[in-house]
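Novice: Sequence:
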Amino acid sequence: MFKNISFLFFLAVIIIACHFNVEKQPSTPPMFRVLTDTQTGLHFQNHLKPSPNFNMFKYMYFYNGAGVGAGDFNNDGKIDLFFTANQGDNKLYLNKGGLKFEDVTQQAGIPEDGEWSTGVSVVDINNDGLLDIYICRVGHYEVLNGHNQLLICTGIDSAGIPHYKDEAKAYGLDFSGFSTQAVFFDYDMDGDLDMFLLNHSVHQNGLFAPRKNFLGTYDSLSGDRIYRNNGNHTFTDVTRQTGINSSAISYGLGVVVADINLDGYPDLYVGNDFHENDYLYINQKNGAFKEENNQRLMHTSQFSMGVDVADVNNDGYPEIISMDMLPFDPYILKRSLGEDEYDIFYHKIEVGYNYQYTRNNLQLNRRNGMFSEIGLYSGVYATDWSWAPLWMDFDNDGKKDLFISNGIPKRMNDMDYVNFVSNEEIQKKINSNTIADQDMALVNKFPEIKIPNKFYRNSGQMVFVDEQNNIQNNQPTYSNGAVYADLDNDGDLDVVVNNIDEPVMVYENTTNNGAIKKSYLELNLKGPGKNIHALGSKVIVYANGGIRTYEKYPTRGFQSSMEIPLHIGLDSTKIDSAFLIWPDNTYQRLGFAEKNTTITLQYKKGLPKFNYANITAFHPNTSRPMEDITEKIHLNYLHKENHFVEFDREPLIPHMVSTEGPALAVADINHDGLQDVFIGASKTYKPVVFLQKTNGTFQRLNEPALNADSTYEDVDATWVDVNNDGNVDLVIASGGNEYYGTDERMQPRVYLNDGKGNLARLPDAFKNIYMTASSVSPFDFNGDGFVDVFIGGRAVPWNYGQTPISYLLLNDGKGHFTDVTEKYAKGLSNIGLVTQGIWFDLNKDGKKDLIVTTEWNGIYAFMNQNGQFVKTTLTNKKGWWNFVLPVDINNDGQIDLIAGNLGLNSRLKATEKEPVRLYVNDFDDNGQKEQVLTYYLEGKEIPFANKDELQKQIPILKKRFLYAENFAKATLPELFTQEKLSSATVLEANYFSNAVLLNNGNMHFTVQALPWQAQLSPYKTGVVLDTGTNGLPNIFLGGNFYDNNIQMGRYDADFGTILTNNGHQQFTASTMNGLIIKGQIRHILPITIGGRNCFILARNNDSTMVIGFEK
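If you count the sequence shown from 1, position 378 lands on 378 in this note's numbering, and the numbers rise without skipping.
Hint data in this document are derived by calculation from the structure and do not stem from the laboratory.
FRET-style restraints, in silico, Cβ to Cβ: (1) Asn799 with Gln284: 50 to 56 angstroms; (2) Leu1085 with Asn431: 57 to 63 angstroms; (3) Leu962 with Met1003: 55 to 61 angstroms; (4) Gly939 with Asp780: 49 to 55 angstroms; (5) Thr622 with Gly155: 57 to 63 angstroms; (6) Ser983 with Leu962: 22 to 28 angstroms; (7) Asp780 with Thr684: 32 to 38 angstroms; (8) Thr217 with Thr684: 34 to 40 angstroms; (9) Leu962 with Lys165: 54 to 60 angstroms.
In the EDC-like style, the derived pairs of lysine to aspartate or glutamate whose C-alpha atoms are separated by at most 20 angstroms in a straight line are: (10) Lys969 with Glu941; (11) Lys1078 with Glu631; (12) Lys940 with Asp466; (13) Lys823 with Asp780; (14) Lys871 with Asp819; (15) Lys49 with Glu448; (16) Lys609 with Asp190; (17) Lys909 with Asp329; (18) Lys517 with Asp488; (19) Lys399 with Asp576; (20) Lys595 with Asp397.
Virtual Cβ for every residue (Gly too), placed ideally from N, Cα, C.
Construct the entire structure; sequences and hints are all you get.
Specialist: Dropping the structure here:
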């Protein structure tokens, strides 16, 4: 099944019947303007002509396009261009000045053999001062017989034309196979340039086997390679010694070199297509690499194409970006295949592949060895079928912006074309290699679509703004390889792209076209003798309170490279200091006395070694260091979530509500003055009670009563004396959403404590109360001396979106509870989908009030007024609120609220004007209600689910819309009828930021978003961590949530966040000092262990952690 699904996906072809409209041009000067080939003389085009003998059915990468190389090939001070072609001849163009170019391919002796070329790398491999060209090609496959070329420049004639000779064989670099791109770098730090060769694969039988089957294997055509420079103009294949992967599933489409961990040694990031993991190779400083993707990244793009690495937020640490193919246009999106189906997705995980999603991924470096994927937050996750990402400074402001090339002639993920290719007759022809001219003609009847390339301006805080309206004449194209370079020597970076079936385009940067220049400096580096262009050099600029880092490696993006001076934007920049780090990690200071020019710097021996702590220590983590003491105290418990795929029951819900445990409760249960712990379990697993011993360790108690109830699911719990016998008893809220109706396992429970921690189930404690609960919170609300409870209703099984019942429950004094909600708190029972309820004296009148958070609604307080609880809206911002933490953050005597929400790192963006909605109705009149989740994209409200997902649940849609094309064009009323939409129950969310509710007095609250670093994942819990030197409370937040619809992906970007309180209602958000906490934190509670203040963290489907401040 796996193989067939993938085969259809990879071979499906489309050309969609619509075109992008060119945006109305701005009245202000554009940032870039497109120059045509008649203006530039760059008449090259990568023309592709499929035939029955060779087409995308034969070679699935037929439409991947080709690359661009940039460099001063004739040493005249101007950047020239080299273009590769798939079915034609590669071309060399010399820069004649004024953005005019001349084709000198034949004069230069560039081989014109028409073989299938892919990537190009510009390098002076023999260090003679003349740039050479390495060209990757495809060979030993079907009609393709090429080998990789190394075009050595033999000299420059009197007319200024360089001449080339292919010496790949002599150098030992004439590989023939599925080559994509070569990158030159000094991996072993011996002073000369070695080569990493990126190769790709094609689908053959057995390639979807478990990943372990391929680890440690080597494929002669597809496996990646490393070649060590022998120092005598020859190279040796040392792939096996370096520890890299080189198997048949090396689907390499992108590679970039960077010092990712800032240790002075070059590392590698490799983007792999299809199911194979991307590779994050960390240099081990001994001639080998260690692949650390799973250790440092939480997920990646799935069909990774081009990649780039740069320090994007000016903190000195590099970020990683990889391209994929999620459409940004709602029409294209709705007629395209989405993510893998749930079962297939997790099957891949089971057989060894990591978490991957079909969208661009931007990996934020957290400065602790980990990366948080934030493409959704940053706004760069969907640029359609994308190839080359390039980090570059558009406007010389010192912030790296993002260019992305995109487009493909035949869209292999179009639903209609997948269905076409699935035709039995077509399948037979594909499998038997009998595709004929008439079949190709039928394919070509499908409409085509071109897409404009994307320019994103870095606006700070890792947010990027689409500058589509600021690009003059940005015509839709099929663009692939791309480079940036200052082609006209005016001090700004221009862009060149290689297009399919159209001439290449030059985007002229207009930043410095006027009389007033935006300041810059270009550094022309002259390195040591065996690396004269100083590949691997870095420039470190301390300016404007940050660190700007620039690293010289020419190969970036997709199939392209640029051997150009380092370009440093200096507009509005106050430089404190700057350093040039040479490839051997020696350094010199830079004065920057000159600006708006190019300066040449020559390597000198005997310079001091650079201390990378100057970067890594620049942003110290000022929160108190913490440590994991779990093992030391013997509190070892692994929570395991039972296998229940809620999407099988309700396929259209946005996320599961069945994985919200484990419960956590802390109290002294045996009267020894030490705090003990209860940790809940999921269905079929046993919860635990740990007693704390005098030496600060824990011992697990045998609890037969709890073990007997292992078919319940524990989502929240509290220790409280329900019968006033002096012993705290255990009250558990049951969740899981798996049972329904009046199943007893939907009931809350009470376990009476004998004073020694031995628990016994109290029968009928909650008679006739059946619910999927979210929280339980105790308080004697009627003042009779017996503790009562509030239990929040999370969901109605089989009917997500229907309002569950929440309960205010009165204790009879013996631990039996009765529903008195309507008597004491009108409106509480149907307040919404409750995620948390806590008792707290919000208005400081000496009486506890009930604060309730909801999903799809606001945050409410039921204020205690003479024994009645009156509903007050604390915020009418409708979110997916998870919890509140009451705390006076500014010591003004008023209680504020830290509030956890979905966060902003999601495909769902919610505002009052464009909210996220959930329509609940029986849309197909089959007696079962369905949920239709909608959101706005490009100003249009569309269903989040794709056609296949919707029509499985609402089969009538398949009859109404046979083709995905028609489905994609339909409006919401056309899809579901206005009558059904109007009669539906509609839930709405218009605010997703994690926030603080600032108490202005008189129960009026202002909602203020937390810092952007605290918006990258949902928060589920939080505690006051400590009090800072300013006397203000600092906050520890925990979150993440994995069990979403696959299209949404896992929310996994948080590793434990500290909010340092700076005063004046301002926080700084940072990672934890000394700890990395992965996983889904459901509850955090303070606990005293051996006299030490600690915190216990209950994580879903993971081990419990106990952490404390370092002593």
